[in-house]
Amino acid sequence: MIDVADLTKRYGRTLAVDRLTFSVRPGHVTGFLGPNGSGKSTTLRVLLGLDAPTSGRAQVNGHRYDELRAPLREVGSMLDARSVHPGRSAADHLLALARSNRIPRRRVDEVLGLTGLQDVAGRRAGGFSLGMGQRLGIGAALLGDPSVLLLDEPVNGLDTDGIRWIRTLMKDLAAEGRTVFLSSHLMSEMELTADRLVVIGRGRLVAETTVARFIDDNSQASTLVRSPQAAELRAALERTGASVEADPGGGWRVTGTPAESIGDLALAGGIALHELRPLRSSLEDVYSRLTDTSVDYRATEAMEAGR
Amino acid sequence: MTAVDLGEGRAGYREAVWSEWTKFRSVRSTVLLAALAGAVLPLFAVIVAATGSLQPDDTILGASLLGGAALAQMLVASLGAVFVTAEFRSGMIRSTLTACPRRLVVLAAKSTVAAGAVVAVCLPGAVAAHAVGLAMLDRDTYATGDPFPALLGVVLALASLAVLGVGIGTVVRHPAGAVAAVIGVVLLPGLLAPLLGAAQRWLGGASLSGVLQKLTQSSDATHEAVGSLGAWPSLAVVAAYTAATVLTAVWVLRHRDT
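Sequence lines, in order, name chains C and W. Under the working numbering, the residues of the first sequence are numbered 1 to 307, in order. Under the working numbering, the residues of the second sequence are numbered 1 to 258, in order.
Calculated directly from the structure, the hints in this document are not laboratory data. Don't take each hint at face value.
As the list claims (entries may be wrong) - Partner residues aside, some chain W positions facing chain C, computed with beta carbon under 8 Å: (1) Gly7; (2) Ser19; (3) Glu87; (4) Pro175.
Stated by the list, open to error - Computed footprint of chain C on chain W; a stretch qualifies when at least three of its residues, placed anywhere within it, have a C-beta under 8 Å from a C-beta of chain C: (5) 37 to 49; (6) 63 to 73; (7) 117 to 124.
Just so we're clear, the structure is a prediction, and the values are computed from it rather than from any experiment. Each residue gets a CB set at the ideal place from its N, CA and C atoms; glycine is no exception.
Build the full structure now, drawing on both the sequences and the hints.
Printed below as a string of structure tokens:
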């Protein structure tokens with residue numbers, strides 16, 4: 001369980017997080033979405049007690065992070081930047097962290113196995129590829145078998161196998177009743193991994209909902225329809241008040257009328273249909289439309305501020 | 001949730017010391033600096049004795065320890081600074097502070113490990129240096145000096161300096177900057193004090209090199225240079241400003257975003 005309430009973080013004159021409120025529940029993979037610089041990493045750093053909030057609060061399992069008795073056993077975390085000494089081996093890195101929370105040594109070996117690092121355990125972490133470094137970071141997060149996981153951009157730098165591995169791992173961890181909170185700017189990835197979303201833009205909450213709801217609420221339903229009697233179909237559709245545009249791939253893209261009505265209309269008019277397909281916006285489309293707005297807004301505001 | 005049995009958890013001082021020791025021994029730089037600091041003590045004693053580089057009024061204890069200790073000072077000060085600044089440079093400090101969010105505990109544990117490592121290598125090193133002096137120098141020509149508890153004092157002064165390195169490193173963060181700052185603390189009193197006239201003994205008496213001169217009953221430890229404060233009270237002064245530096249570092253670590 002993660003609770004962020006009215007959180008504000010200011011660095012000098014820059015407002016990184018602006019009265020942000022949301023909560024993340026156990027049993028789900030929750031995606032934390034926002035463009036670069038929107039305040040995701042700052043929020044995670046405040047949650048982990050690394051940065052002090054300017055005002056408001058950020059709690060994990062009902063406590064401020066620095067109140068936790070053995071933090072690694074409650075919260076597993078991985079930040080965007082690699083937080084590993086390059087001269088230390090993967091095994092020693094994990095062992096040092098394990099000892100700080102009295103986690104038994106055998107757990108280090110378990111985690112090395114779990115992350116597929118057992119063969120490189122004795123190698124200096126500085127020589128690791130991006131993907132191996134990412135696995136080591138996830139290993140450190142899993143060390144204390146925590147009920148809450150906070151991961152900043154976990155699929156960064158991973159190959160297809162690695163991405164699939166993370167996706168399955170996160171879903172399994174959530175299915176076990178843990179709270180899994182992942183930040184990402186990769187919409188397509190979130191669509192496949194997360195079932196809930198916290199979306200922020202410019203440090204403010206944009207949406208807090210399920211992935212399905214987020215798409216439904218923000219997408220415009222449209223239907224792709226193709227017919228040998230294209231002009232006739234278009235005229236018939238426009239008479240019902242639907243808007244019709246040519247799709248770059250051929251056929252008409254129809255909004256304002258559901259697919260069922262289009263089928264009925266064609267039958268009634270004796271028009272043959274070769275394709276009738278409802279189109280859903282992907283999370284990517286919805287998200288880029290939202291962030292475009294926030295970028296526009298930012299430019300306008302900057303201009304006004306400059307006056 | 002899957003039941004992974006990890007026993008009872010705690011992230012206190014003892015756990016932090018274990019963790020810091022694991023970090024200390026698993027990186028080349030800290031291990032190498034500690035080994036060198038222990039080794040230069042007897043090595044320098046051999047050089048001094050072989051070349052007979054001492055004044056007639058010197059003690060064997062002073063002659064066999066002072067040169068090596070001066071070098072060891074640089075090494076242990078760098079050791080303390082590098083032990084902590086490497087974490088800031090690599091971002092490891094974030095892992096450290098998420099594992100143990102209590103800043104005082106983290107710095108106390110780091111100081112304990114740095115000081116403990118210095119004692120572990122420099123105590124045998126200092127004893128060996130003194131043994132070299134006794135074996136190679138003529139005891140009829142030079143006073144032997146009183147080795148106990150002076151040897152222990154020298155080692156404690158070096159340990160204190162390593163802790164000072166940890167404190168300064170935490171505040172400065174940048175490795176080269178921290179090493180330069182801590183070596184400045186070691187060298188500057190010796191360079192500045194002679195310029196200060198009557199105030200020389202105040203600065204010299206509270207400086208690390210002054211403490212080492214007093215402890216080894218060196219002929220350099222004149223009243224004008226290092227004041228009249230005894231060797232052990234001087235060591236206490238050094239320990240006190242080391243503690244003050246570490247507490248400042250704790251304050252900085254609590255109030256600075258990481």
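request  = Would you pick out the hints that fail for this structure and give their numbers low to high?
outcome  = 4, 5, 6 and 7
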